[in-house]
Structure formats: structure tokens, C-alpha cells
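Visitor: Construct the entire structure; sequences and hints are all you get.
Following my numbering from start to finish, the sequence shown increments by one per residue and tops out at 1069.
A couple of the hints might just be wrong.
Straight-line C-alpha distance at most 27 Å; calculated DSSO-like pairs for lysine-lysine [stated by the list, open to error]:
{"no.": "1", "residue 1": "K628", "residue 2": "K604"}
{"no.": "2", "residue 1": "K922", "residue 2": "K838"}
{"no.": "3", "residue 1": "K59", "residue 2": "K205"}
{"no.": "4", "residue 1": "K675", "residue 2": "K757"}
{"no.": "5", "residue 1": "K205", "residue 2": "K961"}
{"no.": "6", "residue 1": "K267", "residue 2": "K961"}
{"no.": "7", "residue 1": "K495", "residue 2": "K685"}
Here are the computed distance ranges between Cβ atoms for each label pair [what the hints assert, rightly or not]:
{"no.": "8", "residue 1": "L1063", "residue 2": "T167", "range": "46 to 52 Å"}
{"no.": "9", "residue 1": "S215", "residue 2": "T333", "range": "55 to 61 Å"}
{"no.": "10", "residue 1": "P402", "residue 2": "N665", "range": "58 to 64 Å"}
{"no.": "11", "residue 1": "T744", "residue 2": "Q513", "range": "38 to 44 Å"}
{"no.": "12", "residue 1": "S215", "residue 2": "P729", "range": "36 to 42 Å"}
{"no.": "13", "residue 1": "G493", "residue 2": "Q513", "range": "43 to 49 Å"}
{"no.": "14", "residue 1": "S169", "residue 2": "S266", "range": "23 to 29 Å"}
{"no.": "15", "residue 1": "G833", "residue 2": "E799", "range": "29 to 35 Å"}
{"no.": "16", "residue 1": "S266", "residue 2": "L1063", "range": "50 to 56 Å"}
{"no.": "17", "residue 1": "S540", "residue 2": "E442", "range": "37 to 43 Å"}
Hint data in this document are derived by calculation from the structure and do not stem from the laboratory. Every residue gets a Cβ at the ideal spot worked out from N, C-alpha and C, and that includes glycine.
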Amino acid sequence: MASDRGFRSKNSTAVLTVLVTDVNDNPPIFNSSKFDAYIMENQPPGTYVMQLIAFDADSVRNSIIEYSIMEGDDHSFFEISSKTGVITSKAVFDYEQKTKYVIQVITSNVGTLLFTSAVVDIHIVGKNEYYPHFVQPVFQFTVSESARVGTVVGQLQVIDEDSGVDGEVYFLLVGSSNNKGFQIDTRTGSIKVSRALDRESQSRVVLTVLAKNAGSIRGNDTDEAQIVISIQDGNDPPVFSKEIYEARVSEAAPLGTSVVSVSAVDKDVHPSNNQFSFSILSGNVNKVFSIDPQSGAIYTSGNLDRETIAVYNLTVTATDSGNPPQSGSTQVKIYIDDVNDNGPIFETPKVIGYVLENEPPYTSVMVLSVTDRDLPPNGDPFMFYLVGGEHKDFFEMESHTGLVKTTRSLDRESISELEFIVEIQDSGKPPMSSQSPVTVMVLDKNDSPSTSRPLIILVWVHNKNFPGGKIADVHPQDLDIVGQYQCQILEGNSAIFRIPRKCDLHTTKIQNPGSYTLTVSGNDGKHHNVSSTIRVKFLNFDNDTLQNSVSLRIWNLSADAFLATHFESFRRALDEVFKPTSQPVIYSIVNIEEHLEITLASKSPENFYVPSQDILTLLSDKLPVIRESIQDKEIVIGFNPCEISPCQNKGSCSSFLEMKDILSIVDSSTLIFTSPYVARQFSCQCPRGFSGSVCQYQQDPCLPNPCLSGGTCHQDGITFRCTCTPQYQGEKCDTPRKESCSSAPCRNGGTCQEAPNGGFFCLCRPGFKGLVCEQTADACRPNRCLNGGTCVSENLGYHCVCTSSYFGRHCEKSSYGFLPYSYMAFNPLQPTTNDISVVFSTNNPNALLVYNFGAQSGGRSDFLALEIINSTPTLSFGGSRTAITRISANIVVSDGKWHKVTIIRNGKVASVSVVNCNDNGDTCEECLLGNSTCSKSATGHTGTLNFNGNLLFVGGVATVDPLLERPGQVSSNDFVGCLRGLSVNGRQIDMSSPLKSAFVSSTCSRKEGPCSASTCGDGATCIDNWFSTSCLCDFKMLAASCTE
26 MASDRGFRSK NSTAVLTVLV TDVNDNPPIF NSSKFDAYIM ENQPPGTYVM QLIAFDADSV
86 RNSIIEYSIM EGDDHSFFEI SSKTGVITSK AVFDYEQKTK YVIQVITSNV GTLLFTSAVV
146 DIHIVGKNEY YPHFVQPVFQ FTVSESARVG TVVGQLQVID EDSGVDGEVY FLLVGSSNNK
206 GFQIDTRTGS IKVSRALDRE SQSRVVLTVL AKNAGSIRGN DTDEAQIVIS IQDGNDPPVF
266 SKEIYEARVS EAAPLGTSVV SVSAVDKDVH PSNNQFSFSI LSGNVNKVFS IDPQSGAIYT
326 SGNLDRETIA VYNLTVTATD SGNPPQSGST QVKIYIDDVN DNGPIFETPK VIGYVLENEP
386 PYTSVMVLSV TDRDLPPNGD PFMFYLVGGE HKDFFEMESH TGLVKTTRSL DRESISELEF
446 IVEIQDSGKP PMSSQSPVTV MVLDKNDSPS TSRPLIILVW VHNKNFPGGK IADVHPQDLD
506 IVGQYQCQIL EGNSAIFRIP RKCDLHTTKI QNPGSYTLTV SGNDGKHHNV SSTIRVKFLN
566 FDNDTLQNSV SLRIWNLSAD AFLATHFESF RRALDEVFKP TSQPVIYSIV NIEEHLEITL
626 ASKSPENFYV PSQDILTLLS DKLPVIRESI QDKEIVIGFN PCEISPCQNK GSCSSFLEMK
686 DILSIVDSST LIFTSPYVAR QFSCQCPRGF SGSVCQYQQD PCLPNPCLSG GTCHQDGITF
746 RCTCTPQYQG EKCDTPRKES CSSAPCRNGG TCQEAPNGGF FCLCRPGFKG LVCEQTADAC
806 RPNRCLNGGT CVSENLGYHC VCTSSYFGRH CEKSSYGFLP YSYMAFNPLQ PTTNDISVVF
866 STNNPNALLV YNFGAQSGGR SDFLALEIIN STPTLSFGGS RTAITRISAN IVVSDGKWHK
926 VTIIRNGKVA SVSVVNCNDN GDTCEECLLG NSTCSKSATG HTGTLNFNGN LLFVGGVATV
986 DPLLERPGQV SSNDFVGCLR GLSVNGRQID MSSPLKSAFV SSTCSRKEGP CSASTCGDGA
1046 TCIDNWFSTS CLCDFKMLAA SCTE
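Guide: What follows is the structure, given as C-alpha cells:
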């Protein structure tokens, strides 16, 4: 704006625009110094990764930006557009080899040195390229039937070549495998026991497990495997036939009386596990019962008393000989029957009756109340008889009611207490009787006049200040102990003393009291007044007295009795003890429960108190003199309540002398001792965590653990209880448990076992029995073996040698005999999983053991068969549109011995195993999967077999039609021999109840060496047909005998 200088100035304005010319002084920048980018693995080169964008604050002419990648370890794998900042790949990436690449991107102005950089982390995203697969198609594990829930059976192994989350494998049990007693950890593939196992009901379990990645199943992205778990025979405890046994026995039963017998069974296979003996574990108070360890018979071994114990609850165990031994238990409740073995007794230990004096003869005194520990009819009604006693003639008794009456009038002043003896008889047959003393107290009547009572009252005052109150009962002397006494002061200081009611002498508050004399008139409310002279003497003690005092405790003596009979002699004895150096000061006598506590000090002529420790020394040295003065009653010099350690839980005890604001008045006929209540007390300083007067309470009584020797603490209200280890016992597990077996009480080689209650029981060797195996016995008498079996005694008990075709612990089971053209039929097999075991004996080189087939179509069908072909077991299976798979185990099984063949098929994977068994087929060896000496396996062409509901045939077929319609499946049509057992999927098949059968015998009797005594004749050959023989004669002819 411009203006002139005129009076009235003029002005004008103009706009000036200044243009700032830009220079390139700002570098391009990114909005971050670090970026993250992602690219899927296996993408082709040139795949877009990300775009970086930089910004430049300069003008357009100066903000021309270009992008580049700095050289580095990973720069060659990527490229960037210099103009757009788009990053693309130059290679194909593999997540399993490397998961992250790092490059540095530079942005700059063209033709200048201005630039900035940023780091780009390029992450390779994995792709699920591979699917999990098991390292083997079948896994085999073993587990004991006694394994607890949670026991790890085995670990599955699976491979997935992916890394990261795509390589994470999940394991799942398929279908019914979830309900077979096992579970699988979905992440680790660990197989665990999920419920109690029982080999006797299922010896082998086949599971199907699936391995998959996370997410849903899309078809062929999973793998399956078979798990074969063999359940081994564990040592199961014996099982009693009853959970509770009940019996009765008379309390008068003689020793050796049989009470009850218990029984148990043990289904274990091994003899060491199924031999057991009985013992009484607990409840056998005073050991009044014994048990035969072999038979389980319980009999009396001690005297019984129903009135002490009416019912015995015994815990009886059966313990086998396994290692470690297992025990089963049962409860035996034995009721004790009553006999009349107790006489009647009074309901109270001391029977006391009361009667007033001067009552006329035949006054009723009491009715005797009686009880009897025996049960009816051995108790009431009772009969009562007066049979003796010093005062028998003073009373009479009604025999049926027990009513006691006087026979004369009684005078309490002549005799105050009377005694007689009563005999009571019960109603038992024969009756029982007992005698008891009875005391009758004669109650007083006010029939004697009062007499004068000269009296001295000693009143001890603290610091010369008496607060006032009652100091004594000053009633007159009287032979009677009852009366309505009234008194009044005739002479004396009425300003200090008064009698407000009855004969209670009171004082007002007094400072520096001294000695006073009073004349008091009193009567018993019936007779004339009498006067008595009463001298009241106030005595002083102070804090020095308290600080130098000692306490004496006299047991079982009251303060009144002490004052009446022992005070003067006791005081004279103390004078002798302390003279001539000091004088005793007895200033407190109080009752503490049923005992007496005396507090005293000792003062020198110079009015100094003797220290309490010196007093204790003097009194202790002269203890015989002190005791003689109180007629040798028990006395404690220097009583200290802390000596009995009243503070619990390591509390600290402190003793102190307490003086209360109440008066103790001790009365005798001529002397009354009145003093403040002074007594020795204690206090507890509780440790941290405890409270209460004696530190008895604890917020958590288990902290710190009060149980010693490794015991476990359990809170029980405000206190605790300890569960001790087997080696210790006691409230705090502080006492070593005595080893009952240390003295080797079991005789004749018996094994001693510690019982949980601290006792012991003996496991007797065969041939011995009794509590400590002291009696001889024969385990084979009577013969426990059935069906002609021979009982053989041995160290672990006995065993049975069974005849041909029989087996079992007692030869109670039999093999089945399969004759020519015989068969059995059962429910069809499952389509995908089969686990079949057959125990048999035969000499036939070709036989059909198991055969299941489906619907026939064009001469083909799904099927599964187990045969003996050329003396070796062979498994065949296949579908109607697939080839047949055959697996042969190269082990001869047609040798007439017992063998066990097991076939397992899980889908396409199948195996055959063969093991030998003992002579009767009862126990067999084990064959682990992968052991090529006893098993063979192969993979077939089909995993699912459809049997269309057709039955499973064992040992043959009902007709040859299925074989003719399905040529090439099997080569035999029957089985001749003995078959001991058949199990399918681990469960034993009940061969006594087939759906169909023919020509099968319930026993399998076979002669040993049937050709050893052949009657075929010279030159002929004997042929063993198992159940019979035939002869091969000349010209190749077969006949029963070549001699005919």
C-alpha cells in the first residue's frame, strides 16, 4: 500500500506474489522401515509378492522415484519394478526347506544421492503337500490284565513330510475301537488303558486307528493301521463266592467249634497265581477265631463273651502265591448268642439311700434298681435278699420289688451312716446271683440346741486396704448340720462390722485394719440364743510378698479339712524349718479342683523377705518334716504348672502368681482363714499359626506337616490325622511299626505276610495248615482233580495231570472231538477286522479249520478260510472281484501235538502265527508280531469282505455245495482231531452252544499210540485216523485188518 502526505492523504494498494523455486532437498521415504509379505510355496516365478510405495515432499519435478533391491543373501530370489515398487518372485519356494527370506529395498530420486531403505521379510506359506502315513500297517503291543487305568501300552509311529501346522498329525480310534478298553492320545499317538482288563473274558484286542492332519477329511488324505494288543495273564486276586457271610455261635462254645466256612476261586492260569490260602486280616479281637488256610473253615480259638463283644466283623482274605501276591477279601459277620453267665448288678457303682432321723420303724428308704448284662430271659425279674452287713438288722427288704424299709427309728447324732449287703438273683436257668453293699445315710433334723463357738478369724489384706465384704460365717456350734441360723452383734465396732443376713459377718471398706473383738449372739431357729466371742485379726501382705512367694500343692486334700486337722501342725513344722533366721507367712489357702494350694513367703526379723529360691531349698531339705505334719500326704514343693508341659504345638510356657479380686473363705470350728484368691497359673506363648489357651488351635493343622517319617497329613476339623507309611504307626507316625514277621512265626517253611493292622498271617506250604502252619495236611486229599485226573502235590500247592482231552485246573474242561464230516457254525465274521485263534491237535495234513463265505456270483464270492495244507496252516481271503491272497506259516501242525494258530486281518493287511501248547492245550506260547520264525504277514487286494450274513463254519461245512459253487477257495472240507478252544476278536466262543453242529463229541478221547499194537499183520502198514486205525494191505487195499 502507498500513501501521500496531503492534508487528506490518498493511497492505493497492489498485490506482490513471491514464487519460491523448489530444490531437491528431500529423499523419498516409506511409511515404515519394515514390511512383512507372504507367498505360498510352490508358486511359479513371477508371482506377485507385494507393492511398496514411497512418498517425496519435493515438487513433481524433483520427486521422480525409482525402486531397487540391495544386494544380499536373498536378493537373487526376488525382483522389483523400479517404477511401481511391485515385488515378484524369481524362484519356486519350498516351505520345508526355508520359511523366510529377507531383502532390503531402496527408494531414491533419479540422478541424486537422496534415498531411504526398508527391510522386507517375505514369509513362505506352507501347503499341505503330504499326508500322514504309518511306518507299518500293523502294530502289536502287550499289556498285563492287571495294568491300571492310564497305563501306557505303546506308541504309534507316523510320518508326515510337511512342516509346521500342515505336518501336525492327529490320531483317532475308528468305530467300535473306542469301546474296547483303550484310548489314544490324539496328539502323541500314545495308547493307554481306559478301563479294567480281564484276560479271562478277552485275551486279545484289535483296534483300528486313523491318522489325519487338522481339518476335515477330504478322501485319500488319511492313513489307517491295525493295533493288536495281547492281554497277558496278570495275577488277579481270588474272588469270594459271597461279599458277606453271616453266622451265629454261642458265647459258651468250646474251643475248636466250627462256625462257618468261606470259599473263593482264582481264575488265573499259572499255578503260582491260582494257589491261595485264607487268613483273618482284621476284626478278630483277642484272636478268638481261627481259619483253616486251605479249606476256609472258621472255628473258635478263644473264649467268647457276648457282653463284651456281641458281634464280630471279620475281614477274611484269600492271598495267592503270585509275585507279588494278590489278595481278595470278604466280610464275615459272626453274632454271639447269649448264655446266662452274668449276675445282676446295681445300675450305679455305689448304692446310697437316705432316710430322716427319728422316723418311725418300717419307713421306706429306697427301691433298688438293678440291671443284667445278659439278654432276656436271663435277666429280670430279679429276687432280692438281705444277707449280711454290720447294720443288717436295721432294715428289711421286699424280695420281689427291692423295697428297703427301716426296722427301727434312727438317730443321726448316734449313727449317721449304715451299711448292709444285698444278694440279687436273676431269672436264668440256672440262675446267677451277685452280692453288693448298700449304704444308707441318716439325714439330720434340728433336734439339738446350739452352743457357744469361740472363734478366731484371720483376714489377709493386700497393701493394708480391705475393700469390704463377707469375711466369715459365724453361726454357733451345733451337733446338727441343718438349721435356720440367725445372728446379731451384741458388742463390737458396729461402724465396721455388720451381719446383714443369717450369720454372715461383713465389714465395710477399711484402711490399715487391725485386730477386733466381737460378741455375737446366734440361734438355730428353734432353740435359745447363745453368745460367742469372736476375735478378728487383719494381716497385711504386699507386692514384695508376692514376688518372693512359693506355691505348695497338696493332692487330694480340701482346704477345710486342712484347716481343721493339719493347719496348726503344718505351721509349727514351718516355724522349725525357718527358725531362727525368718518367720513363715502363710497368706493364701485355696481349693484347686480336688486339691489344695498354699501360697507362702518368709520374712526376716529385719522385715526383709527371703528369696523364693532359698525358701524352696529349705523346704526341699526338710520335706520329711513337712510331710509328717500333714500325715504323709503327697505334697509338691514349688509347684509349677509348666512342668507338665501344658502348651501344645511347641508353645512356650510361663508360670506366674495370680491374685484375683475375690476372697477365699476356709472354715473350721474354731478358725476361719480368709484371704484373696492367690494361685499359681500359666500362660502359653504360641508359635506362628497356632492359637488358644494352650496353643491347641491351628488355622491349617497340616502346615507344617506334623506327620513324621513320611506320613501324609489330613485335616480333620481343627485337628489332623496322619496316614502313615507301612513302616510306621502312631498318632504322628512316630513309632516304628513292629515287624510281626521278624520272629519268623510261621513253621514248616510257611511264608509270613505282614497284615495292615500290624499283625501277620502265614501262607502255608502244601501239606501244612493252621495259624502258623503247625498242622499237617495233604493238598491232594481229597483228590481235587476230576475226570480221572491225578493230583500231584508240589511246592506251590498241587497240580492235576489230566487224562486225554481234559484240561483246566481241576481237569474240569474237555476238548471237543471233531469226527469225519463234523462241523460247528457260529455268527458271521466282521467285514473289515478279524482276529481268530484256534487251539487244536490233529495228525491230518489237510483240514478245514475256519471258513466264512459270502453270496456267490459267477463262481466267486467274498470269503475267509483257515486251512491246514500240506501240514502247515494257511490263511486265504479275497473278494468276488479280486485275486485270492494266501499266507502260509511254514510250521508243521499235523504232528498230533497241541498248537495255537492265530490269524489277524485288518482290512487288506493280514498275518498268521503259530505257537506250541502244552500237552493238554491249556497254556500256549506267545508269538510277537514281526517274529518270522512263528508268523507271516502279507497285504491283500481287498479290505472289506461281505459275508451276507452266512454263518462261520468251524471244522467243516454242513454241505459241500458252497465248496463246489466257489472253486479254488478251499482245498479241504472237514477237520478230524481235537479242538480245545476258539476265540474271535479276543473273546472266547462258547463251543457248547453252536448255532448248528453235527458229528461233534463233547469229549475227545484218543488212545496213545494207536498203531503201537497194530493188528494189521505182517507187511501191512497201520494208518492212524486219530479216533481209529486202518490198514494198508497188499495191492494197496485199505481194510480194518489185513489178517482177515
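Visitor: With reference to the structure, classify each hint as holding or not holding.
Guide: Going through the hints against the structure:
1. K628 to K604: Satisfied, since the Cα-Cα distance of roughly 11 Å is no more than 27 Å.
2. K922 to K838: holds, 18 Å
3. K59 to K205: Distance of about 56 Å is beyond 27 Å: violated.
4. K675 to K757: Holds. K675 to K757 sits at ~15 Å (cutoff 27 Å).
5. K205 to K961: Since the Cα atoms of K205 and K961 sit roughly 26 Å apart, the hinted pair holds (cutoff 27 Å).
6. K267 to K961: violated, 47 Å
7. K495 to K685: holds, 16 Å
8. L1063 to T167: 46 to 52 Å: holds, 48 Å
9. S215 to T333: 55 to 61 Å: holds, 57 Å
10. P402 to N665: 58 to 64 Å: holds, 59 Å
11. T744 to Q513: 38 to 44 Å: violated, 59 Å
12. S215 to P729: 36 to 42 Å: holds, 38 Å
13. G493 to Q513: 43 to 49 Å: violated, 19 Å
14. S169 to S266: 23 to 29 Å: holds, 26 Å
15. G833 to E799: 29 to 35 Å: Holds: the Cβ-Cβ distance is about 33 Å, inside 29 to 35 Å.
16. S266 to L1063: 50 to 56 Å: Distance hint for S266, L1063 holds at roughly 55 Å.
17. S540 to E442: 37 to 43 Å: holds, 41 Å
Hints 3, 6, 11, 13 from the earlier list are contradicted by this structure; the remaining hints agree with it.
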